[in-house]
Every structure is written in structure tokens, then in C-alpha cells.
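The listed protein sequences correspond, in order, to chains A and B. Here the first sequence stands for residues 962 to 1217, where the numbers follow my numbering. Here the second sequence stands for residues 671 to 745, where the numbers follow my numbering.
Think of the hints as simulated: they come from the structure by calculation, not from any bench. Note that the coordinates shown come from a computational prediction; the quantities given were computed from them, not determined experimentally. Incorrect hints may have been included.
[As the list claims (entries may be wrong)] Which stretches of chain B does chain A cover? Using the computed rule of at least three CB atoms under 8 Å from a CB of chain A, they are: (1) 682 to 691; (2) 732 to 742.
[Unchecked claim] Here are a few chain A residues that face chain B, going by a calculated C-beta distance under 8 Å: (3) Ile968; (4) Val1018; (5) Phe1148; (6) Arg1149.
We put the CB at the ideal spot given by N, CA and C, even for glycine.
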Amino acid sequence: MSGGLHISLAAERLGSVFGIPITNGLVAAWATIIVLIVAAFFIGRRPTLIPGKMQNVFEMLFEFVLNYMEETLGSRALAERFFPLIVTIFLFVFTANELEFFPLIGSVGVTQNGVFVPILRAATADLNMTLALAIISFVTIEVSGIVALGILKYGSKFVNFKTGVMGFFVGLLEIIGNLARLVSFSFRLFGNIFAGEVLVAVAMAFLPYLLPVPLMLFETFVGLLQAAIFALLTLVFIKLAIMEPHGEEAHREGAH
Amino acid sequence: MDLDSAKTIAFALVVGLGVIGPGIGLGILVSKALEAIGRNPEASGTIQTTMFIGIAVTEALAIFALVVGFIIKFT
């Protein structure tokens, strides 16, 4: 790669504590958590019955999300059960994505063995982080399916002898489809954010100061969109998991 | 051909070929969604949300190609 561009696929190692490597992605993830805690502290410090401006805005946003979830899942109780997880995923991914565009991030760094290493890097531009998020949402989806339907009924979505050979292969496909979610969840987020970083870096090399501005504006939109998509897809897959298996519906319709 | 130029060519090929399918898919998806909104403007909210989910799933394929390209190029 030509000299000016600094692109590295993996998060770079800054040092290690007790043999655990500390990468710049990890530092940025902790920075994201600190930002969220501080914001939560200041916004939720004094909730009043008659809301102030700040409280009003956030109450409206959360109510909108809760109503949307109720519409999707079909009941208020289910929506309230999954609300904390979905909104936490959204807030964390969103903050981690947008943190990349603040000054000093990616430009402050140390020089290790003659190579410049930034101290902070967008946390979601590290495949480990997105894979961890994908595993969290995958486990939630499967566990909520088992809890809602019982292990035998949920398992009959995947291993299914009742509906003949075709149904059996559909079940196998379902297993592959569920496992592929791990890959698609993690790669989608990582690819989008990392590609955005590379795009801005290349534009910076082409035409400094001018060209990156509209691209960064677009990337902030992509960051919002990807955070929303991650949370939304988790919600939709939870809904698919807690629904009754397809075969029985078909049977019931056939019996009529 | 040395390894570096082979990697660059592979990167270009992977990304270039990989975005053809998702590009066609996105075109069909958005055009159908716009058609649906045109027929039934009241349902535009639901259609847009579903469209964005569809876009994300389709776009993931292009992103896969991009990630594979990055892995070829930068490792």
C-alpha cells in the first residue's frame, strides 16, 4: 500500500495486561461504555413527573420504540421483556459507530517499531466486537425461542420427521440459516463500518479536507442505519423464533 | 506476477463481481417498494421499514464480497 494510507484489518495491539492483549478497538469500546454511562447519569439523574425538555425528548423516543416493538411482537408484555436488550444493542452500536467521527480519534496515537498506531479505533470496525454482539443476539434469539415454545416444539422447527422428506430438508436449511445469521450479523456491521473508514482514508489521500466531508456525513448516516438494522433484525428474528412452527399451521389449514 | 499485484487484482475482481448481484437485487427491491408506496401511500411507514430490512439483508452480500476482498488485500 502506498505510504500515506494507514489501513489495518485487525485492531492493533497497544500493550498487554496480565497476558491479555489490549487493542485500540478494546480501548474504544470502553470509551463508548463510559460515554453511555455519563449520558445515562446526566439524563436519568432526576426523573420528574412533569418532564423537562431533555427527559421529554428521551421519553418520546423510548415510547416510540416500545410502541413499534409492541406492534411487531404482538403484546406489551413481550415488548417490555425484550426492550432493554434491543435498545442497549442499538445505543451501544450507534455510539460506537459515531464515536469514530469525533476529533482526535484515529489521529492520536503512539509509534511502535516505526509504525503509527492510533490509540482509539471505531470499536465496531473490529471483527471481534461485532462477532461478540452477534453471539449475544444469536443466543438471545435461540433461548427466547426455547423459552416461548418449549425445547421439543422449538426443536421440531429444525429436526422434523412428521412432514416427510421435504419437511426434513427444510428443517436442515433452517439450521444452516440460523447459523448463517452469526456470519451475516457480524460481517454486515464490521464490513460497513470498516469500509467507511477505508473510504474516508482513501478520499483523504485523494483530495484532503474537501472530499472526506460529504463522505463522512454519509458514514454517520450509515452508522445510524446499521445500528438500527442490528437491533431491528434481532427483534424480527426473536419474533420468528417465538412463533409457532410452520408445519402445524399447514396441517390445521389442511384439516379444514 | 508477484504476490502484491495478484492480491490487488484479486481484490478488484472480488469486489467488482461481488456487487453485481446485490446491485440488481437492490434495484428490484427499491423499485417494488416505491411501487407499493405509490399504490398505497398510507402504508408507507411499514413498507419503508420492511424495505430497509430487505436492503440490509441484500447489502450484506455485497459487504461479504468487500470483507473477503479486504482479507485478501490486507493480510
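Evaluated hints:
no. : hint       : in the structure
1   : 682 to 691 : violated (count 0)
2   : 732 to 742 : holds (count 6)
3   : Ile968     : 6 Å, holds
4   : Val1018    : 21 Å, violated
5   : Phe1148    : 5 Å, holds
6   : Arg1149    : 4 Å, holds
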